[in-house]
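*Asks:* Residues per chain are reported as follows:
2 protein chains.
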Amino acid sequence: MKELKPKLLMTPGPTIVPERILKALSMPIIHHRTPEFTEILRDAAGRLKPIFKTDNDAFILYSSGTGAMEAAIANTINPGDKVVSIVSGKFSERLRDIAIAYGANVESVEFNWGSEIDVEKIKEKITEDTKAVTIVQNETSTGVRNPVWKIGEITKETDTLLITDVISSIAGDNIQTDKWGVDLCIGGSQKCFALPPGLAFITVSEKAWNAIEKNENRKFYFDLMKYKKKFPQTPFTSSISLLYALEESLDMIEEEGLENRIKRHVDNAEFCRTEVKKLGLELFPEKEEIASVTLTAIKHEKSEEIRTKLKENYDILVAGGQSHVKGKIFRIGHMGFVGRSELEKTISALEEVLGDL
Amino acid sequence: MKELKPKLLMTPGPTIVPERILKALSMPIIHHRTPEFTEILRDAAGRLKPIFKTDNDAFILYSSGTGAMEAAIANTINPGDKVVSIVSGKFSERLRDIAIAYGANVESVEFNWGSEIDVEKIKEKITEDTKAVTIVQNETSTGVRNPVWKIGEITKETDTLLITDVISSIAGDNIQTDKWGVDLCIGGSQKCFALPPGLAFITVSEKAWNAIEKNENRKFYFDLMKYKKKFPQTPFTSSISLLYALEESLDMIEEEGLENRIKRHVDNAEFCRTEVKKLGLELFPEKEEIASVTLTAIKHEKSEEIRTKLKENYDILVAGGQSHVKGKIFRIGHMGFVGRSELEKTISALEEVLGDL
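Listed in order, the protein sequences are those of chains A and B. Just add 898 to wherever you are in the first sequence, counting from 1, and you've got our numbering. Just add 898 to wherever you are in the second sequence, counting from 1, and you've got our numbering.
Only chain A is shown next, with the shape it has when bound in the complex (with noise of 0.2 Å):
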């Protein structure tokens, strides 16, 4: 195929491929139904289980992150099941979509989006039918950093299974599966981890078993009991390629320190909020407190403009906004192995950009 001339890409997925994982992308394909295939399956998934905080199985599905998000429903859910979901986003809305395409019962519970969400209100509408709560803890298309802590306190010791998205927050910010009590956490790979989409990730707790093996409804290629059966073999077939990559991106994980990572996550966060407010300008979160460490959203009226010209004039992506925040608000990432230098580039264009309108 002919040549591309990318940009730096500063949106919040896909983000920047360090070399090291586009050169693993390119190695030699080597049959996925063999002892050294089931190796790299069995080493990447036990690697993730760390960057997750979780005891729980953990499981590589072969999808966007979108495919995840349907396996944790598809594999719990009957219909009529009640379903509460916090929805402050497009990406909640996406997770409640689905609960209502499996035939949930769903209680939708909203935001406006970029607000705090009302945790008394959410409380309120989890009752001891509910079998399950969906939750984004990082909502890309706000910029907004959800407590899924305080869900997870109130259906902890309940039969109510707590659903959280990470896809754009895991292997950045501080995900704590098993201390902030979530049964499903959905991950994807062209986040924070830097690699190319096509894979999503999946943790399951002995809770969320015990919900999916009385289920008869799993459907087929996200039956998350095939994936248990077949562990560490897969059901299907994998996509070979992107088990390289990802497996040089736990490497590159761990030299770095999950710890050390995620420090650098919030710090490069609080410089880009720093930066962009000093350039005069609006978070679009209500309050600082709740802004998200893997991207920052900003107001203004003419992003689409900014955007235009980042991208023309400095070979600069940035997102836009989504749905009825489109024209609103622009999105940096700052996610994976984006760096100050990248970011210090991007804001430095902001403000001649900001200069010329």
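Be careful, since some hints might not be right.
Cut-off 27 Å, straight-line C-alpha distance, at most; resulting in silico cross-link-like pairs (DSSO-like, lysine-lysine) [to be verified]:
#1 B:LYS1054 x B:LYS1019
#2 B:LYS1197 x A:LYS1224
#3 A:LYS1127 x B:LYS1224
#4 A:LYS1128 x B:LYS1226
#5 B:LYS1117 x A:LYS1126
#6 A:LYS1128 x B:LYS1048
#7 B:LYS1048 x B:LYS1077
#8 A:LYS1117 x B:LYS1126
#9 B:LYS1128 x A:LYS1117
Covered stretches of chain B, as calculated for chain A (at least 3 residues, CB under 8 Å) [as the list claims (entries may be wrong)]:
#10 899 to 909
#11 957 to 963
Note that these hints are calculated values from the structure, not bench results. Backbone N, C-alpha and C define an ideal beta-carbon position, used for all residues, glycine too.
We have chain A; now place chain B onto it with these hints.
*Replies:* Coordinates of chain B only, in the frame set by chain A:
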């Protein structure tokens, strides 16, 4: 990750991935929601159509081939719908099992593995209320090629949909989606496209769209209406690196010419059969006329010993038998970019191994 020592992949998928494709995989990531990437998506989907010999819509899904099998069923079959499944191997069993998982009332028409299907027997089962017939054109588990067109003759002028798996033959065998009357035609990446696993393809006829639009039960990740609505963009994140590889594979297919490529597969298959017969071996398909052109399945009571010796002494990987023919057959893949020289090397090693037994 650590260096791999790949064997010569003579398995019926994954198959040898040429250097050019491996190189394309490691191109830098561009964002999938850009005009540049949209152009790649449009181009790839457009170039798939002549390979399927179809004017129907063609979509790329981000999953293994099984995901596209599930898409075909999930989008068309409502609980209670009558489905006739032609079953004569592991993958036709899978297609049937997916229909069962979606609540279909499945009439399974079974034939011994390796035998020719009896079209009259199938025809008897297809009635006016049959929603779909499922068939695998190229049974990877048996090395048998099924005459899909004979089923198409039965379903073409009716409301019954013809769902066909060509995962291990598309881009190698002469697949004639429209001429045969296939409504949902399912392909995969790690077979004759010589790509890594992780992409699946599906073509959708007008007749299929009519059924899909009426289906309220399409679920989510594989909901083809979402793919149609978003085309040439995708509803969820594209596997960007694998798309680069697909573009490269399509370039290579076009450079060779599809008809030349099909002829090469036919010739290589004939060569392989002739050579193994010369070695005194018996083919697994009951008649040579029904043998696959992308793999050769061979009977041998010491299949596993043969495979081990080929692997350990010659660094050549061939596949074994699956399910009840495990240990009774072995399978040589000659798909994608496997050439005469790799086949000759394999046959020569096989001759030596047989001499040792």
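*Asks:* Which of the stated hints cannot be reconciled with the structure, identified by number in ascending sequence?
*Replies:* 2 and 6
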